[in-house]
Amino acid sequence: MGFVVEVLRGQAQVDFVPNALTGVVFSAGLCAAGWEFGLYGLAGTAAGTASARLLGVDRDRITAGLEGFNACLVAVGCAVLLGARHLSTALLALAAAALVTVLTAAVARLLATWQLPTFTLPFCMTASALTIAAPGFRRVWHEDAGPAALPRAADGPVSLTFTDLWHGFFANIGQIFFMPQWYVGLIFLLGLFLAGRRAGALACVGSLVGLLTAWALGTPAEQVAEGVAGYNAVLVTMALCGVVLVADAWSLAYAVAGAVAATFLRPALAALFAPSGGHAFTWPFVLVALVFLAAAPVFPRLRRV
Amino acid sequence: MGFVVEVLRGQAQVDFVPNALTGVVFSAGLCAAGWEFGLYGLAGTAAGTASARLLGVDRDRITAGLEGFNACLVAVGCAVLLGARHLSTALLALAAAALVTVLTAAVARLLATWQLPTFTLPFCMTASALTIAAPGFRRVWHEDAGPAALPRAADGPVSLTFTDLWHGFFANIGQIFFMPQWYVGLIFLLGLFLAGRRAGALACVGSLVGLLTAWALGTPAEQVAEGVAGYNAVLVTMALCGVVLVADAWSLAYAVAGAVAATFLRPALAALFAPSGGHAFTWPFVLVALVFLAAAPVFPRLRRV
Amino acid sequence: MGFVVEVLRGQAQVDFVPNALTGVVFSAGLCAAGWEFGLYGLAGTAAGTASARLLGVDRDRITAGLEGFNACLVAVGCAVLLGARHLSTALLALAAAALVTVLTAAVARLLATWQLPTFTLPFCMTASALTIAAPGFRRVWHEDAGPAALPRAADGPVSLTFTDLWHGFFANIGQIFFMPQWYVGLIFLLGLFLAGRRAGALACVGSLVGLLTAWALGTPAEQVAEGVAGYNAVLVTMALCGVVLVADAWSLAYAVAGAVAATFLRPALAALFAPSGGHAFTWPFVLVALVFLAAAPVFPRLRRV
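Chains as they are written, first to last, in our numbering: chain A, 1 to 305; chain B, 306 to 610; chain C, 611 to 915.
No lab work stands behind these hints, which were simulated from the structure alone. Incorrect hints may have been included.
Here are some of the chain C residues that sit facing chain A, going by a computed Cβ distance under 10 Å [stated by the list, open to error]:
#	residue
1	L822
2	A857
3	A859
4	L879
5	S886
The beta-carbon is built from N, C-alpha and C at its ideal position, and this holds for glycine as well.
With the hints as extra help, turn the sequences into a complete structure.
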């Protein structure tokens, strides 16, 4: 029973919330996009949590779900990028979810030197390694060609319709779990409000900042509507206001600046990985959040929780 | 008035010199290449210095101009790479110059663990992110195609004329601010001699080492004449002899070895970034200088200032 | 005489063994692949060891051969990748082998914060910089075209013959020194057994894990037979079981997990470097070994030597 709660909390920790009920709603959201995704998410979180128990990781981290969220994202990422219905993908997702425990321990120890949390850095590293290595293995990669390509300048219309905007508003929250459907994002948002009004409100603020920044910079409308442009803004806003820094006007302004930076940074990461066949994942969020938190002690106006 | 001096010192700190008069000469040099570049440089330094004041950064750093030089380079880099006469470039340059304050604070805190200075690492990170992300935004990027391309083997003549040599000697100093004109480099060199004979002499030594290394390795003559081959050697020589290590024969030899390494490293960084559309900036200088300084305490012959 | 022993130990330290006799056997193995490689290996190790003496590095490190193995690999790598019979390659190999001393000192100091060893990280950084920069210099690069190319999905047969398997078993050990010939790997393995039964046995275990993982994932048969698929598994197994962690059942299981991860990671590193013209070298080993060691203190079942 304790294990089930840990796994559900692990799902919810993707959005910084140690709440099992939110984890149930997140699973429902994944199933709304496809039952395989719901299954991969739960199985990945379970594999990560179980391997943390086996290796003897500190119980407090496991109980809070902190050993599950990176594994959850790795498993769902495998399903989305390598095809959920291959046996090879399922085995790889389980193995990777277990290995993420080691990566989390390593990254946590290195970053502890500066009192920084890992966020989804272990997921980003694992998912990048997986997707870039995959085309090199014939039993893992089931497409004819690999995904490597030189990045090109954006084209396509940039003026946004009302539909683009409200789809994008919810899809920004769905894309945190790789899902472009607006209704999946809406279910995730309900889960966040279940965990507390602040979590839900900050996700909304982040999504709006992401939309506005993407529009101002001239992001192609399709990327805005599918949430590709704005998911990092949601994560940065939630991470910088309330999770590590005390939630006040200063940290909110700081979080909004970070959300703008992460929205700008996303195509840079996409272009950096494109020639090798990789993806941006949540690298923009992780890099911006770590930089802004590492800098925080230098600015006396920002207070740590 | 204090703010004006801080901004001018910030300009001069690009070459490690906290001297407002040198900052005036550097501005004149930028204006000789184009008045827009002079304006972007001053505005960027001012934005960086102002945001450091607003966020409450330690006064000593601001007074010494240490919160201005990365912002200066970011703004001039925007003007050179995105087109100085677009409103989008101006707004982006100001925003980026302000954000560099956060990045500087973060990098300074991380590197303080090993008593290492930031050098232009915050500039390199920001400028790389900006130029690689830019083609992804239609209101930021005003060309038809993006700059991404696979690197090719060097071609073109490698034998140097006397004109190549003396142009290159000054252009090595001009390219620190992205400027290939020999007379711009000459103005910068005058500014350095204004700050002190040692700063000017070290810049000359570094430029000569860069020229000689580039010739010995067979660098295409055009790159030598425009200072592309040697600007990192100038920066490494100034940084390793006198700024952090006591200036003596040992640190000079160490600096020359570093200058050779940085000259070699430049095409590696260019090739690493080329497929994503990025540039080498001063990454070779930053990486070599940080490695050589991190190693210095292991070698008893080198003494820290 | 002391210097000769230090150089031979430096050769042997490529495989974590401070044994001069093993160094002699390794040299013989290199000569079996080509006398130039044997010469480059010895000259590189000597240059690295000598520059460490000149700069005044701690005597214990030099005596144990720890200042030689990265330089050895850098020099052999130059011979393999730039052509052993060019004067430019010989000069570059010596200069790079000397510079590796500085890089080793820097990396050792940074990683000491977490009590982590450098492994072959200085070699990987130097060799990557060298091979990616080389095509930019006409007196260094003697081919018409550079090596940069977008990575493609694996093709070719993946079913392994018995010949592929036993060739691969030995070649996994030979590829640590860039050599694809099975008999070179066999000589290296004899050298390891000379140093002790455990070193030899662990190399065999690592090679088997590499073979099995490569087969299970569907690695092209040619890569398996030439040892490209499995050399990182050999290194990881030796590094994680006995060198830093106490050799017991737990650290062996941990090492095997690491060997699987490194075998998976290899094509990712190859794809990351391919568009710039670089190679995977022992990056997969270094990254996996550092991550697994950084994580080790979190797991109470693993004990440090």
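Against the structure, the hints:
For C/L822, the interface hint is violated, the least distance from its beta-carbon to any beta-carbon of chain A being 13 Å, above 10 Å. Restraint check, C/A857 versus chain A: the minimum CB separation of about 18 Å is more than 10 Å; hint violated. Because the smallest distance between the Cβ of C/A859 and any Cβ of chain A comes to about 14 Å, over 10 Å, the interface hint for this residue is violated. Below 10 Å, beta-carbon pairs count as interface contacts, and C/L879 has one with chain A at about 8 Å; its hint therefore holds.
The interface hint given for C/S886 is met, as the beta carbon of that residue sits about 8 Å from the closest beta carbon of chain A, less than 10 Å.
Hint check: violations occur at hints 1, 2 and 3; the rest are consistent with the structure.
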